[in-house]
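K.L.:
Once you've looked at the hints, go ahead and assemble the two chains, each given alone in its own frame, into the complex.
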Amino acid sequence: MTIDNIMLIDDNKIDLFVNQRIIEKYNPAVKTRAFTNGLSAISFFKLLELNATIKSVAIPRVILLDINMPEMSGFNFFEEFKQLNIMHKNKIDVYILSSSTSPDDIKKAQNESRCAGYITKPLTVDKLKSLLDKSVSISQDEPFKKII
Amino acid sequence: MLTTIKKAFLNMPDKSLLAVLDNHHIIAISDAHGKLIYSNRNFLKIVGASDDESINQTHQLLKATIHSKKLFWDVWKTILSGNEWKGVLYHKATATKTYILNTTITPIHNSEGDVIQYVTVCNDVSKFYPKTLDRGRSSCEENLWLESFSKDILYINKQGKIINTSEHALKESQDHIVGCCLFDFVNPINYDFVQNQIQKAFNQGKKGKYQSLGLSSKGNQTVYISKIKPVYNLNKEIIYATVKTKKQKDSTKTNTQLKAIETKYSNIFQSINVGIIVVANSVGNIIEWNKGAELAFGYTSSEIIGEPLTILISDKQVDTGIKAILKAKDNLDKDSYSENIEMLGQRKNGEEFPVEFAVSHWKNGKENFYCAFMLDITKRKALEAKLTKTSKDLELFLYRSAHDLKAPLTSAEGLLHLLKEENLDKNASQIVNMLDETLGKGMMLLDDLAFASVISEKRHDISAVDFQKVIGGIMTALKGLKNFRSAAFHIAIEQDVDFYFNTDLIDSILQNLIHNAVSFIKTKTATYMPTISVKIQVTSQDVNIIVKDNGFGISENHIDKVFDLYFRACSSKSQGAGLGLYIVKRIVDDFNGEASVTSEINKGTTFNVCLPNLKE
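Which chain is which? The protein sequence lines are A and B, in order.
Heads up: the first sequence at position 106 corresponds to 106 in full-length UniProt numbering, and the numbers run straight through without jumps.
Heads up: the second sequence at position 58 corresponds to 58 in full-length UniProt numbering, and the numbers run straight through without jumps.
If you are wondering where the hints come from, they were derived from the structure by calculation, not from laboratory data.
Note that the Cβ used here is the ideal one computed from N, Cα and C, for glycine as well.
Keep in mind that a hint or two might mislead.
When the alpha-carbon atoms are kept at most 27 Å apart in a straight line, the in silico BS3-like pairs for lysine-lysine are as follows [as the list claims (entries may be wrong)]: (1) B:Lys479 x A:Lys127; (2) B:Lys366 x A:Lys127; (3) B:Lys585 x A:Lys107; (4) B:Lys379 x B:Lys366; (5) A:Lys108 x B:Lys259; (6) A:Lys13 x B:Lys420; (7) A:Lys13 x B:Lys441; (8) B:Lys45 x B:Lys161; (9) B:Lys458 x A:Lys107; (10) B:Lys323 x B:Lys366; (11) B:Lys366 x B:Lys348; (12) B:Lys389 x A:Lys107.
Simulated DEER-style distance windows between Cβ atoms [stated by the list, open to error]: (13) B:Ser555 x A:Lys129: 27 to 33 Å; (14) B:Gln430 x A:Lys107: 20 to 26 Å; (15) A:Lys129 x B:Val432: 38 to 44 Å; (16) A:Arg33 x B:Ile431: 32 to 38 Å; (17) A:Lys107 x B:Asp330: 34 to 40 Å; (18) B:Lys386 x A:Arg33: 46 to 52 Å; (19) B:Asn483 x A:Leu39: 18 to 24 Å; (20) B:Ile559 x A:Arg33: 30 to 36 Å; (21) B:Asp560 x A:Arg33: 55 to 61 Å; (22) B:Thr476 x A:Met87: 43 to 49 Å; (23) B:Leu478 x A:Asp4: 33 to 39 Å.
From the derived model, a few chain B residues whose C-beta atoms are all more than 12 Å from chain A [said to hold, decoys possible]: (24) Asn42; (25) Gly205; (26) Lys206; (27) Tyr240; (28) Ser302; (29) Arg347; (30) Pro354; (31) Ile377; (32) Ala385; (33) Lys389; (34) Asp447; (35) Thr476; (36) Thr531; (37) Gly553.
The shape of chain B in the complex, shown without the other chains (with noise of 0.2 Å):
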């Protein structure tokens, strides 16, 4: 049958046989460059020019049907070699008038064997390739190429055909994409919607925007969001549009991890049974309680949740606790911080217990919630307690070695005080002497080892200082000293208010520097007059106690250690043991005071103590 048909083919004159082609297809010969020479009138109807026209231009069917440059090199490859090509190709005429065509380009050859001409010969097959079967079919391959668009950014003109891609990700698949049409890559449902957005980007010079789905090799599906933006040039004209598509996280998965995540902080917290962590809104209701809070509280979480957070504040701490909570809150709702909490918390079986609680909060919505993170400080307050005990121990300790060591000295210096009544000779006598020095030392000392471990009692006993009398006192306690007698004091009180302090701790104070100066002053010469100056300035906010001599100086070297615990900084010139400045310096410390010396060798000292005034 094949062989009849080939025959009657063959047997039919050559012209009416190329009429006949010639009617039913699109025909256009164009020479070796490309050039073309020859197009039927199916052919110029689809290009949509005429005969004149197109004769001698580039072949532009071939050039308009060619999309991308890999066809375009598959064509060319083909046919340069001087094989037939076969294929498919899309021309698009107008907006919405696309041919398909089936296409077959034959080179012809010379004798020579060289191409001389190429003959295209195509049918109009747009019928029975419906529109959307092919872009579906069309997208589907392309689908894959849609997350390597995810990085790249497309480059469209007006009817919506890709003109450019930018440089990186998609080289490999430029050349499937240039000359496509966006188009191909979007759900025909949305060709309308898309092409809007084109129009806006192009007529209106505004942002558009589309989402197109895609789906993965895996086939999951992935949602892409385009963004199309139009690019002017000088003239502020639209050349050009660009598409920037990104993936849009995978909500699903997203959901999955949020999911995974919540599960773990939520195992976190339950779990956690050192730390309590109750969780309210902002009624004070508790909405949220764990492992932790259950075994300090003794409350299960069925029972406690919806209950007011007071419930968890011991009796005797309700107004205080619900306080400093609202305290707590304000300053988080003010968005600043909020100090830790010290309160008795009570549990279920109604003991209480100290507990220790930072707040935070966040918002959801409108809604705020509070977090109380608690710490059982019973441990630690129980090691608080035991710190101060061992440490007013170890105060009472000191005192009271001190005390008692006193007592024998003193028995020794009655002792002695018998000895010199007796007939001592002039060595013995000297050397008992020295011995009732050496006591008066030791008991010195001890006084003030005593003195110093109840410093931090004292602090409770205060009342009006009247320094009149404290330096009378001490004048009286100290004329034993040497050079005592010989030097010359200045004391200038200024006081016109009432100065409220320990007055134990003002006479220590006053007395070991007033000691102090006398230790420093020389022995009166002819031309030395050891002088001593005390100086006390009240106001009503403090006091101001300069203690000035004209001494031996205390060098630079060691001018910063002397209020230093044992420190003395000359053997031969002081008499104390080295706790005086000390005693002075821990008294001020105590009370936020200031305590300075500045000194200058041969010229002298000056101390400078201040005190605040405690009254109240």
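Next comes chain A alone, as it looks inside the complex (with noise of 0.2 Å):
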């Protein structure tokens, strides 16, 4: 099954276009919702809940999440996204993306059980390829990616 929807959440709006820029250039096909705070993203969610009609199409497969966010910081919203039903129901992989790469904040991702990896600011082809390619990625059974 290929990556065609990919979900981002960072306040950063510069972070947001190269983020999207990379997965362009990653794929073209690709099709990407950039949200700038976790909020919105959640309701984002909610609102697909109620309608049954454009679910499947808009779902992401993956999330990108930045941790360091005002209101909503990318560990709370995992608390929000636990609570809905659309992702026991559907299988989304969400990774931190984040410029931190300080050891606490690699700890708390991995002790997120909904958490599938964490990567490091910035995103590039090559991190996302490993990431998202099977045939490219080095730890492709792992439950928790390292990317840095």
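P.N.:
Next comes the structure, spelled out in structure tokens:
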């Protein structure tokens, strides 16, 4: 199953721009949807739950989540995200995408059951490949991917 | 009437008159030089010598009876100037028998007015001069001298007669004293005792001691202690004895002084209200309680005295508190130093507050007393907590700043990556590469800063360190560095036992040391092979990390600064921001390890780090 829909959650618009461009370079066919805060992403999922018809196309396969955001941090996002039905019915991989290389943040991400991996910024095509491509990925079977 | 008697007297025949006088008086006649030329029977009886013996001898009586030089001079001055001397002389015939003589000495002149003879006429008035009265009177006069006695040494003979004094303080009164008898200065009640003491000194060679009471001019009583000590000549015969007299400190005066001191200190003790002073006896009951203690604990002294010391300790800490106090008490009993104790005190109303106290002790007889000087350290504790919080806040602030500053740099790096993908000409892409390098340095600095701010927190997270894995991770992380790929690495890990430490910190130390070594090696040439050797030796006590390169080396002027914050040996060679080795040093210092460096220009540099194995 190829990844065709990625959600980006980051308060930094420049990072969003860079990430979208990198994804575009990686595979122009991949759709991206960007949110500048966690709350609006949660609201989006809630809307999807109510509206069954558009579900299939809009539900992302991968979420790239920033940690350090106002109002709702990346880790707070997980709390809300786990309350949603949609995540139980669909396979959605949530990866942290952060500029932090702090071992504490990495450890925290590792301890988060719904977190699939940790990527340090800036996102590059290579990083994306090792994350998404089965052939390139060195750690495909690992439950937690660390790409620094 | 008087005229009648005079007439009758003058009418008496000379010889019968002389015979009467000769019978009733003591008469002696001496020549101008004091040589005795006549003495009557009464005289001989007193002197205890025969007629033949005494004739032509110096005027024994005069000599014997004149006790002091002052009296001697008084007598001689009077008679030499041709005047008659009248006065009372004492003659001590034996140790017990003393004659008191009412004496008249009359010089006899020749026709030319020169003195040719002295006629001494004495009356024995001993009967009328009761011994005690006389001595009492005499000692009263001498009492004024007693004070100066205390500075002086008297030399006495076996009979207690003062034969000399030491020369200083008594100069003025010496004359009065030499020739006097020690008994003149002793209360008659004590004669026997003093006599015994003197006998003891002379007969047995033992030291003697007696007390005498003096009255000062102000009427205060003074107690003098006199010590009699025999003095021997070369033949070990006792020739005389010394008497040293010391004024005993006035007991009543001492008492008042003591009382004054006591009042002073007890006032100080009671009124100190910043320091809490509690005195306890050896069973731990409170026996003294000052104002400060009352203010701090809320008990008045009447409420607390007699209560056990434990009443002041917080319920939570009674067990540990008692232990600490007992330990301090043990130390004090052994006369060793006791450290200050910190614990929670408990007020009367149950409130708790931190106190620090020092314990001291003293003995009174067999009873031990313990005094605790306490300080209410609530404020200090609050400040300490505030300080800890502030430094934590600062560390967090540094960490957050470094962290947050990194975010825009990573964004810029992302943008640069995009820029590289664009069709740039050669110049533009060169600039982009330089920009990329600059950003890389900035991010590394921020990472180091963030790391430095969390070093102290890491000490709680200890686990077995896998050096192989750590080195592997570092090699991957550093592979982008210039010269890295051309360098030869010799890595040796000698490990039989597990090494426990914080893995992040070990990682940081090794990464910084290796990074540093890579920065210092030169570019590979045909004759130069850049080489870095890393040696890790683990024992159950510690780990020794040796990182050695064969690069540029560090000059002697700089070598002692390499561990300093933001120090860079040479800006062109080192790529770091100067934080790396500082972080190494910080970690080493935090864990009481050791870090050293040796270097030789163009030969290379060796870093040696020793860290404890934190197993347990």
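K.L.:
Each hint: holds or not?
P.N.:
Against the structure, the hints:
{"no.": "1", "hint": "B:Lys479 x A:Lys127", "in the structure": "17 Å, holds"}
{"no.": "2", "hint": "B:Lys366 x A:Lys127", "in the structure": "84 Å, violated"}
{"no.": "3", "hint": "B:Lys585 x A:Lys107", "in the structure": "26 Å, holds"}
{"no.": "4", "hint": "B:Lys379 x B:Lys366", "in the structure": "39 Å, violated"}
{"no.": "5", "hint": "A:Lys108 x B:Lys259", "in the structure": "73 Å, violated"}
{"no.": "6", "hint": "A:Lys13 x B:Lys420", "in the structure": "20 Å, holds"}
{"no.": "7", "hint": "A:Lys13 x B:Lys441", "in the structure": "24 Å, holds"}
{"no.": "8", "hint": "B:Lys45 x B:Lys161", "in the structure": "22 Å, holds"}
{"no.": "9", "hint": "B:Lys458 x A:Lys107", "in the structure": "14 Å, holds"}
{"no.": "10", "hint": "B:Lys323 x B:Lys366", "in the structure": "24 Å, holds"}
{"no.": "11", "hint": "B:Lys366 x B:Lys348", "in the structure": "33 Å, violated"}
{"no.": "12", "hint": "B:Lys389 x A:Lys107", "in the structure": "25 Å, holds"}
{"no.": "13", "hint": "B:Ser555 x A:Lys129: 27 to 33 Å", "in the structure": "47 Å, violated"}
{"no.": "14", "hint": "B:Gln430 x A:Lys107: 20 to 26 Å", "in the structure": "40 Å, violated"}
{"no.": "15", "hint": "A:Lys129 x B:Val432: 38 to 44 Å", "in the structure": "22 Å, violated"}
{"no.": "16", "hint": "A:Arg33 x B:Ile431: 32 to 38 Å", "in the structure": "35 Å, holds"}
{"no.": "17", "hint": "A:Lys107 x B:Asp330: 34 to 40 Å", "in the structure": "48 Å, violated"}
{"no.": "18", "hint": "B:Lys386 x A:Arg33: 46 to 52 Å", "in the structure": "48 Å, holds"}
{"no.": "19", "hint": "B:Asn483 x A:Leu39: 18 to 24 Å", "in the structure": "49 Å, violated"}
{"no.": "20", "hint": "B:Ile559 x A:Arg33: 30 to 36 Å", "in the structure": "58 Å, violated"}
{"no.": "21", "hint": "B:Asp560 x A:Arg33: 55 to 61 Å", "in the structure": "58 Å, holds"}
{"no.": "22", "hint": "B:Thr476 x A:Met87: 43 to 49 Å", "in the structure": "34 Å, violated"}
{"no.": "23", "hint": "B:Leu478 x A:Asp4: 33 to 39 Å", "in the structure": "38 Å, holds"}
{"no.": "24", "hint": "Asn42", "in the structure": "126 Å, holds"}
{"no.": "25", "hint": "Gly205", "in the structure": "93 Å, holds"}
{"no.": "26", "hint": "Lys206", "in the structure": "91 Å, holds"}
{"no.": "27", "hint": "Tyr240", "in the structure": "98 Å, holds"}
{"no.": "28", "hint": "Ser302", "in the structure": "59 Å, holds"}
{"no.": "29", "hint": "Arg347", "in the structure": "42 Å, holds"}
{"no.": "30", "hint": "Pro354", "in the structure": "33 Å, holds"}
{"no.": "31", "hint": "Ile377", "in the structure": "34 Å, holds"}
{"no.": "32", "hint": "Ala385", "in the structure": "24 Å, holds"}
{"no.": "33", "hint": "Lys389", "in the structure": "20 Å, holds"}
{"no.": "34", "hint": "Asp447", "in the structure": "6 Å, violated"}
{"no.": "35", "hint": "Thr476", "in the structure": "10 Å, violated"}
{"no.": "36", "hint": "Thr531", "in the structure": "28 Å, holds"}
{"no.": "37", "hint": "Gly553", "in the structure": "32 Å, holds"}
In this structure, the earlier hints numbered 2, 4, 5, 11, 13, 14, 15, 17, 19, 20, 22, 34 and 35 are contradicted, and the remaining ones agree with it.
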